[in-house]
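From just these sequences and the hints, can you work out the full model?
Single-letter residue listing:
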Amino acid sequence: MTDFIKDPVILMPERHPEPVFSTEELVFTAEETRQIATWVSQYPTADGAIMKVLWMAQEKFGFLPPEVIRLSAGALGMPYARAFGVATFYTQYFKSKKGRYVLDVCTCFSCQICGGYDMLHYLEEKLGAHAGETTDDGLFTIQEVECLGACGSAPMLQITNGPYVMNLTEEKIDALIDALKRDQLPFFSSVTLPQDEDDLGGNRRTDVRDTLTYSAPPVAKTLG
Amino acid sequence: MEEKNGATSKAGDWRSYERVLLPPVRDLHRLEVYEQNGGYEALREVLTSDKWDPTSVTNEVRNSGLRGRGGAGFLTGLKWTFMPPVDPNIPRFLCGNGDESEPGTFKDRQLMEFNPHLIFEGMLIASYAMSITTSYLYVRGEFADWISLMEVELAKAYEKGYVGKNVLGTDFSTDLVIHKGAGAYICGEESSLMISLEGERPYPRAKPPFPAQRGLWNYPTTINNVETLACVPLIINRGGEWFADLGSHRHPGPVLYGISGHVNRPGVYEYPTGMLITDLIYDVAKGMRGSKKLKAVVPGGSSTPILRADQIDGVTMDAETLRDAGSMMGTAGMLIMDEDTDIVSWLRRVTRFYHHESCGQCTPCREGTGWIENIVTRIDEGAGNLRDLDLLIDLCFQMEGRTVCALADAAAWPVRFTIERFRDEFEARCRPSLVPSGGVLTPALGP
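So the protein sequences, as listed, match chains A and B.
Taking this note's numbering, the leading residue of the first sequence gets 1195, the next gets one more, and so forth.
Taking this note's numbering, the leading residue of the second sequence gets 3, the next gets one more, and so forth.
Hints were generated in silico from the structure; no laboratory data involved.
Hints are supplied without guarantee of correctness; some may be wrong.
To be verified - Restraint-style ranges between C-beta atoms, simulated for each label pair:
#1 A:VAL1413 x B:ASN239: 40 to 50 Å
#2 B:HIS358 x A:LYS1375: 25 to 35 Å
#3 A:LYS1289 x B:TRP373: 20 to 30 Å
#4 A:PRO1273 x B:GLY166: 24 to 34 Å
#5 A:LYS1289 x B:ASP177: 25 to 35 Å
This structure is a prediction, so every number in the text was calculated from the model and none was measured.
Backbone N, C-alpha and C define an ideal beta-carbon position, used for all residues, glycine too.
Below, the structure written as structure tokens:
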């Protein structure tokens, strides 16, 4: 019987991997628990709220190691395995620790032909890290991502699932990196509709600080 | 009636077209401004006037000829009639699909930013028409800033009594919940979107049963794109006939064209359907960047077949004409490429997208998208054989229609049509094969 497994596929680890967060850290505050209860009331079953809870957990802990996913599942009374299946499906949930700022450079087809890879390579060179890697100082993670839905403002990137930085140039990247090193996140930029430019003389929103206009994209030097 | 395939626009006098989805009103995204400009009047009329009941609203949408703006172009009013008769014991759901992730598409984001209440109002009227008490607006997670904006505006709408219990003092109650995705292209597929909402790993499921029979939590559900839903208040306000007269007769209404790529003025433009592609490129988007020559157009997002420059003469942006021209309307997110574009490298990036986004549930898609990327990469790097082109075409046929959802089809079409329409460029990159394939796939003879 024992020779049933002649060649074990992998060596099993002796024990579970060391958790990143201690039991004391792994709690939701009273306010967070109330928030979860509100979300649960929005769906017929508690499971529907798992994506919102995972978002909140990621905001709180920075990323989603197994114990945080387990905590999120527990908050909704759903099986850990199911929550794990959800968390590992989506690219925006970080399963490993990232830099303080994650720079998601879009290289999908509109950005590709408008210089997305030029920007990615410039960023990689500037920060000394490849796409998928974190800089040694732990400040930046560079990622190459799929279409972020800002094709008319190519090339562009997104900072840690948050603000979009559009119409990228090398100078703009330099300024952005400097600002991020000082912990200054860019403001939200509203992109003016070309027809608004003609009809309203500019952006229709009066409540935004930064506006961008659509303009002819740069010429791409590399496509891959 | 326009001549078939004639060189005339079906959009009529589009230069004097007045925008309705994104009318030129400053700060229209704020509830106060939206109200001053006739906002929520359609909802009020539908709920309070004797003229309207759920059936007549659905009929009006049906008569308007509104077709879905999310890609498939299905008749919206007809979709609504698929909902089973109301049973007070069985909940019913509506989903607004704002998971815009089709490469080349960026119109929903601007609609959500500049006119979110039109989307809300459309969802509320649709909820009334189908007697729905909970609707979800599913927005892709990357649009975090726009979701925050909409949350603020939705809270205002709740406060003003447009959403929630006893809408506008009537006995109609409905809730609207914004759901934030987390970065998965597949969640734009309707069954995947529903399963994502339910809090499960969002593998699409086979249809039938369609969402109207078994949708969210197995209850009757309707899913519409947010731009589609935004058309609904316009149809109520101005009448289905007005809508049906706008643009192409068989695919009417206003459309947000998202033009990207090598043009002088990319952006989101609102015009009626049936615009000539050449008008959109040379007039609306102010021509090709650097006066280069046009090489190719992808009319509606990455999965719609690419059109060569010589294939777009007289082609208008509506489902029928584009189908005759060998492509699809898709999301009207148009990618314009100039003569310098390397189409092989471009296709390599497209295949990479689908390989990344395949959910991995069905073997033809999981394996097929990966192998397609491998082979196109090999060709792009100059190590491909001529026979690889036939191998790719054969792979595409092995994928199309053989999976649970349409992602495999969407991944195969660009490959099949790009090779078909730019075969010379692919062949120029390939080494000659020692053994002609003749449709028979034999193993390669080594490097």
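Numbers of the earlier hints that this structure fails to satisfy, in rising order:
Violated hints: none; all satisfied.
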